[in-house]
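Peer 1: Residue numbers (our numbering), protein chains in the order written: chain A, 1 to 83; chain B, 1 to 83; chain C, 1 to 152; chain D, 1 to 152.
One or more of the hints may lead you astray.
Unchecked claim - Capping the alpha-carbon separation at 27 angstroms, the derived lysine-lysine pairs in DSS-like fashion look like this:
{"hint": "1", "chain 1": "C", "residue 1": "Lys4", "chain 2": "B", "residue 2": "Lys2"}
{"hint": "2", "chain 1": "B", "residue 1": "Lys54", "chain 2": "C", "residue 2": "Lys138"}
{"hint": "3", "chain 1": "C", "residue 1": "Lys59", "chain 2": "B", "residue 2": "Lys2"}
{"hint": "4", "chain 1": "D", "residue 1": "Lys119", "chain 2": "A", "residue 2": "Lys51"}
{"hint": "5", "chain 1": "C", "residue 1": "Lys119", "chain 2": "B", "residue 2": "Lys2"}
{"hint": "6", "chain 1": "C", "residue 1": "Lys4", "chain 2": "B", "residue 2": "Lys37"}
{"hint": "7", "chain 1": "A", "residue 1": "Lys12", "chain 2": "D", "residue 2": "Lys138"}
{"hint": "8", "chain 1": "C", "residue 1": "Lys119", "chain 2": "C", "residue 2": "Lys4"}
{"hint": "9", "chain 1": "C", "residue 1": "Lys119", "chain 2": "B", "residue 2": "Lys51"}
{"hint": "10", "chain 1": "C", "residue 1": "Lys4", "chain 2": "B", "residue 2": "Lys51"}
{"hint": "11", "chain 1": "C", "residue 1": "Lys4", "chain 2": "B", "residue 2": "Lys54"}
{"hint": "12", "chain 1": "A", "residue 1": "Lys51", "chain 2": "D", "residue 2": "Lys138"}
{"hint": "13", "chain 1": "D", "residue 1": "Lys59", "chain 2": "A", "residue 2": "Lys54"}
{"hint": "14", "chain 1": "A", "residue 1": "Lys37", "chain 2": "D", "residue 2": "Lys4"}
{"hint": "15", "chain 1": "B", "residue 1": "Lys51", "chain 2": "C", "residue 2": "Lys138"}
{"hint": "16", "chain 1": "A", "residue 1": "Lys2", "chain 2": "A", "residue 2": "Lys54"}
{"hint": "17", "chain 1": "B", "residue 1": "Lys54", "chain 2": "C", "residue 2": "Lys119"}
{"hint": "18", "chain 1": "D", "residue 1": "Lys4", "chain 2": "A", "residue 2": "Lys2"}
{"hint": "19", "chain 1": "D", "residue 1": "Lys59", "chain 2": "A", "residue 2": "Lys51"}
{"hint": "20", "chain 1": "D", "residue 1": "Lys4", "chain 2": "A", "residue 2": "Lys54"}
{"hint": "21", "chain 1": "A", "residue 1": "Lys37", "chain 2": "A", "residue 2": "Lys54"}
{"hint": "22", "chain 1": "A", "residue 1": "Lys2", "chain 2": "D", "residue 2": "Lys59"}
{"hint": "23", "chain 1": "C", "residue 1": "Lys59", "chain 2": "B", "residue 2": "Lys51"}
{"hint": "24", "chain 1": "B", "residue 1": "Lys12", "chain 2": "C", "residue 2": "Lys138"}
{"hint": "25", "chain 1": "D", "residue 1": "Lys4", "chain 2": "A", "residue 2": "Lys51"}
{"hint": "26", "chain 1": "D", "residue 1": "Lys119", "chain 2": "D", "residue 2": "Lys59"}
{"hint": "27", "chain 1": "D", "residue 1": "Lys119", "chain 2": "A", "residue 2": "Lys12"}
{"hint": "28", "chain 1": "A", "residue 1": "Lys2", "chain 2": "D", "residue 2": "Lys119"}
No wet-lab data here; the hints were simulated from the structure.
Each chain, written out:
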Amino acid sequence: MKILYFAWLRTKIGIPSETVELPSGVTDVGGLVDWLKTRSPRHAEALANSKVVKVAVNQEHVPYDHPVAATDEVALFPPVTGG
Amino acid sequence: MKILYFAWLRTKIGIPSETVELPSGVTDVGGLVDWLKTRSPRHAEALANSKVVKVAVNQEHVPYDHPVAATDEVALFPPVTGG
Amino acid sequence: MTVKVQREDFDVGAELAAMTAGRTSIGGVTLFVGLVRDMAGGEAVSAMTLEHYPGMTEKQLEAIEAEARGRWPLDDVLIIHRHGRLEPGDQIVLVATASAHRQAAFDGCHFLIDWLKTKAPFWKLEATPAGERWVEAKESDDEAASRWARDA
Amino acid sequence: MTVKVQREDFDVGAELAAMTAGRTSIGGVTLFVGLVRDMAGGEAVSAMTLEHYPGMTEKQLEAIEAEARGRWPLDDVLIIHRHGRLEPGDQIVLVATASAHRQAAFDGCHFLIDWLKTKAPFWKLEATPAGERWVEAKESDDEAASRWARDA
């Protein structure tokens with residue numbers, strides 16, 4: 001699964017993207033974000049406040065109860081600030 | 001007194017402007033328009049319907065009871081149609 | 001703060017660049033460019049001649065421009081209005097309003113073009129297949145302008 | 001009907017000319033040009049970097065452009081949005097809407113820029129005397145966009 005990070009999520013975590021193996025048991029966005037927090041202290045800190053972590057699956061904004069699958073492109077980013 | 005005509009008032013009367021001697025007794029716009037009607041059949045026809053004859057004195061829109069004086073520049077024109 | 005009534009065409013890109021050059025407090029510019037349409041009132045129009053009252057037109061445009069600046073926080077306003085003979089596709093009018101905030105730029109520009117399209121001292125002579133005709137003032141335009149009336 | 005997300009600057013005059021060339025049914029074009037201001041939230045800004053999500057950004061801009069065309073009778077719509085590092089005075093965004101009628105052109109353009117300024121997937125990094133900071137989403141912008149919400 002391809003994970004993309006934007007804006008301060010990218011700078012806090014320190015990488016623009018990573019490819020992860022989706023663990024069994026992770027079936028929705030909320031589960032994915034919780035699991036990503038365990039990958040490093042930087043992940044944990046960046047993803048601590050889910051209010052400011054928005055998620056898109058396959059380039060569509062989705063809520064935390066949206067399902068995720070191994071072939072999805074998942075992007076995590078702060079609330080957009082517009083142009 | 002300088003009288004200016006615009007748009008179809010100009011084409012109906014046939015001249016863009018004329019200089020007239022203000023007759024005594026003509027003291028306001030309404031009196032002036034009535035007097036101008038007597039100058040030719042073309043004037044009479046063009047000025048027949050006062051609803052569509054707007055007047056500016058010294059480049060300011062004015063109502064028919066606005067005073068006129070010999071040194072004024074008076075313009076007669078149809079309702080503006082904008083740009 | 002510029003008003004021009006002219007026969008010549010104008011270059012929107014150049015006017016915008018001149019308005020914003022070196023003025024980094026401006027957050028946005030709203031522009032409206034009016035063009036001659038090939039149709040009016042359901043009839044084909046091959047040309048349009050705009051007549052105006054030189055002197056009075058400029059005075060009135062300057063007055064409405066000052067009113068717009070009084071009502072909205074505008075860093076700059078530009079009005080260019082052409083007169084003379086124009087053909088379909090030709091530019092007639094440009095209104096540009098610059099502001100730190102886009103809402104002010106939009107409101108100022110919209111107010112000015114509604115006024116220009118209805119109250120500005122211009123008269124239109126349209127050339128149609130049936131001949132030339134002077135355009136009459138439209139009710140719908142008066143409504144557009146009246147929505148800007150201030151509350152008493 | 002064009003959406004471009006690009007690093008390069010754009011030429012408003014050339015874009016306008018391309019949009020209107022030979023299309024004599026267009027009565028007016030409303031344009032909004034957004035510029036980088038030298039101040040934000042009371043602080044000096046020396047540069048701004050716009051980050052976006054390539055692919056998703058274009059998709060969202062195309063969707064909102066289609067919505068604008070569905071809501072107003074627009075002959076054409078152009079959106080150009082830059083990304084990357086920009087300095088005060090630089091152009092950020094152009095929205096242009098062409099219509100037979102100015103009200104539609106105004107409403108369509110205003111709707112699009114309110115959306116772009118609030119909902120478009122861009123993130124701003126501002127360079128200030130205190131260092132670089134990521135801009136947070138603003139309440140006032142959400143209000144501007146919410147006025148376009150359809151009645152249920």
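Peer 1: Could you work out which earlier hints the structure fails to respect and list their numbers in ascending sequence?
Peer 2: Those not satisfied are hints 6, 10, 14 and 25.
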